[in-house]
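Work out the full structure, taking the sequences as your base and the hints as a guide.
For the record, in the sequence shown the residue sitting at position 292 is 301 according to my numbering, with numbers rising by one throughout.
Hints were generated in silico from the structure; no laboratory data involved.
Given the structure is predicted, the values throughout are model-derived calculations rather than measurements.
Yeah, the Cβ is synthetic: ideal placement off N, Cα and C, and Gly gets one too.
Hints are not guaranteed to be accurate.
Subject to a maximum C-alpha distance of 20 Å in a straight line, what follows is the list of computed DMTMM-like cross-link-like pairs (lysine to aspartate or glutamate) [stated by the list, open to error]:
| hint | residue 1 | residue 2 |
| --- | --- | --- |
| 1 | K110 | E125 |
| 2 | K110 | D66 |
| 3 | K271 | E181 |
| 4 | K271 | D211 |
| 5 | K144 | E106 |
| 6 | K293 | D222 |
Computed beta-carbon distance windows for the label pairs [stated by the list, open to error]:
| hint | residue 1 | residue 2 | range |
| --- | --- | --- | --- |
| 7 | V91 | S234 | 19 to 27 Å |
| 8 | R208 | D68 | 27 to 35 Å |
| 9 | S234 | V61 | 22 to 30 Å |
| 10 | I109 | T297 | 39 to 47 Å |
| 11 | Q69 | E36 | 39 to 47 Å |
| 12 | E229 | S251 | 51 to 59 Å |
| 13 | G147 | G257 | 33 to 41 Å |
| 14 | I252 | S203 | 21 to 29 Å |
| 15 | K110 | A57 | 26 to 34 Å |
| 16 | T205 | E181 | 38 to 46 Å |
| 17 | G95 | E298 | 35 to 43 Å |
| 18 | Q69 | G257 | 39 to 47 Å |
| 19 | S92 | T51 | 32 to 40 Å |
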Amino acid sequence: MSNTNEAVLVTGASGHLGREAVEWLLENYKGQIIAVTRNPVTLSDFSARGVVVRQADFDQPDTLDEAFIGAKRLLLISTDAVSVPGQRLQQHTNAVEAAIKAGVEHIVYTSQLNPEPGTESLLGGDHYSTEEKIKSSGLSFTILRNNLYADNLIPSLQQAAASGQYAAATGEGQTAYVTRKDCARAAAAALASSFTGTRTIDLTGAESLSGTDVAQIASEVIGKSIQFVPLTTDQLVGIFESIGLPNGAAKVFASLDTASAKGEYAVVTTIVQDLTGQAPASLKEFLTENLAAFTSAS
Numbered sequence: 010m011s012n013t014n015e016a017v018l019v020t021g022a023s024g025h026l027g028r029e030a031v032e033w034l035l036e037n038y039k040g041q042i043i044a045v046t047r048n049p050v051t052l053s054d055f056s057a058r059g060v061v062v063r064q065a066d067f068d069q070p071d072t073l074d075e076a077f078i079g080a081k082r083l084l085l086i087s088t089d090a091v092s093v094p095g096q097r098l099q100q101h102t103n104a105v106e107a108a109i110k111a112g113v114e115h116i117v118y119t120s121q122l123n124p125e126p127g128t129e130s131l132l133g134g135d136h137y138s139t140e141e142k143i144k145s146s147g148l149s150f151t152i153l154r155n156n157l158y159a160d161n162l163i164p165s166l167q168q169a170a171a172s173g174q175y176a177a178a179t180g181e182g183q184t185a186y187v188t189r190k191d192c193a194r195a196a197a198a199a200l201a202s203s204f205t206g207t208r209t210i211d212l213t214g215a216e217s218l219s220g221t222d223v224a225q226i227a228s229e230v231i232g233k234s235i236q237f238v239p240l241t242t243d244q245l246v247g248i249f250e251s252i253g254l255p256n257g258a259a260k261v262f263a264s265l266d267t268a269s270a271k272g273e274y275a276v277v278t279t280i281v282q283d284l285t286g287q288a289p290a291s292l293k294e295f296l297t298e299n300l301a302a303f304t305s306a307s
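Spelled out as structure tokens, the structure:
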């Protein structure tokens, strides 16, 4: 896929996905790169490498209006404001409206797999409403529906390395876990591309795995027998609450397991490779790369 040389902009550039996206652009893109963050000091390393760093706050629309000026293609990374109902959707709405005002021509948005009404995921509503806002904006767009991150398995698998049990409320459902890095690379590639139409595409890993599969792969990588222990959603909520999560947040995160159990995240696509030219990392490859995270636990 050919690249444009227009000014591109990445929101949330100091976050994990945002940083990875900017890194990809620095290595693969020749046009101007604009990185937006609430605290520009955190991106001083990018400034030193020629990235234009701008300050903006999603809760302050006027800062977005100024930060987006000059950008023709914008990567809107979904925010993590999920504890206050409605806040994240308002933030995304502010960003889309600012993009229209600034003359942005194409939006790339990081959504979630299967966010339509009826999903078990309590995070789906914000994503679906944001998608609808983008579709009605009049701008061209690429909506990337990311599957669950393999990265988010690490805390559970660290506990599994210590206890020998991997507990989840995914039942017999399968999930095509994808790494955050692969999602960042795909988003950056979509941002840098010359595509000017409208598309909604699913980003997944290359294999769909059950809880038993995850436990087996973790056993092989960590070098310790780990068994899958199925939980109910209520049990998982209780576990999340026991480690300090408020009930609302616990239910939100547990709902992802419920959605997995219903098969909402089982689809496998080739979109990561289609966009980047490189196959997504398998769960075994990802865990092997992050083996140090399990050393103390096991």
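Starting from the range 38 to 46 Å, see whether the pair T205 and E181 falls in it by beta-carbon distance. Holds: the Cβ-Cβ distance is about 42 Å, inside 38 to 46 Å.
Mind checking the hinted window 39 to 47 Å against the Cβ distance between I109 and T297? Given range 39 to 47 Å: holds, Cβ gap about 44 Å.
Given a hint of 51 to 59 Å, does the C-beta separation of E229 and S251 actually sit inside it? Cβ of E229 to Cβ of S251: about 29 Å, so the range 51 to 59 Å is violated.
Whether the CB-CB distance between K110 and A57 falls inside 26 to 34 Å: Because 30 Å falls inside the window, the suggested range holds.
For the hint 32 to 40 Å, verify it against the beta carbon of S92 and that of T51. 22 Å, violated
With respect to the beta-carbon atoms only, verify the hint that Q69 and E36 lie 39 to 47 Å apart. 32 Å, violated
For the pair supplied as a hint, K144 and E106, is the alpha-carbon distance within the 20 Å limit? This hinted pair holds, its Cα atoms lying about 12 Å apart.
Taking 35 to 43 Å as the stated bounds, is the beta-carbon spacing between G95 and E298 within them? 37 Å Cβ-Cβ, so the 35 to 43 Å window holds.
Within 22 to 30 Å: is that where the Cβ-Cβ distance between S234 and V61 falls? Once the Cβ atoms are compared, 51 Å apart, the range 22 to 30 Å for V61 and S234 is violated.
Is 19 to 27 Å respected by the C-beta to C-beta distance linking V91 and S234? 35 Å, violated
Take the C-beta atom of I252 and the C-beta atom of S203, compute their distance, and say whether it sits inside 21 to 29 Å. Since the Cβ atoms of I252 and S203 sit about 46 Å apart, the hinted range of 21 to 29 Å is violated.
Under the criterion that the straight-line Cα-Cα distance not exceed 20 Å, is the pair K110, E125 satisfied? It is violated: about 28 Å lies between the C-alpha atoms, which goes past 20 Å.
Violated hints, in rising order: 1, 7, 9, 11, 12, 14, 18, 19; the structure is consistent with all others.
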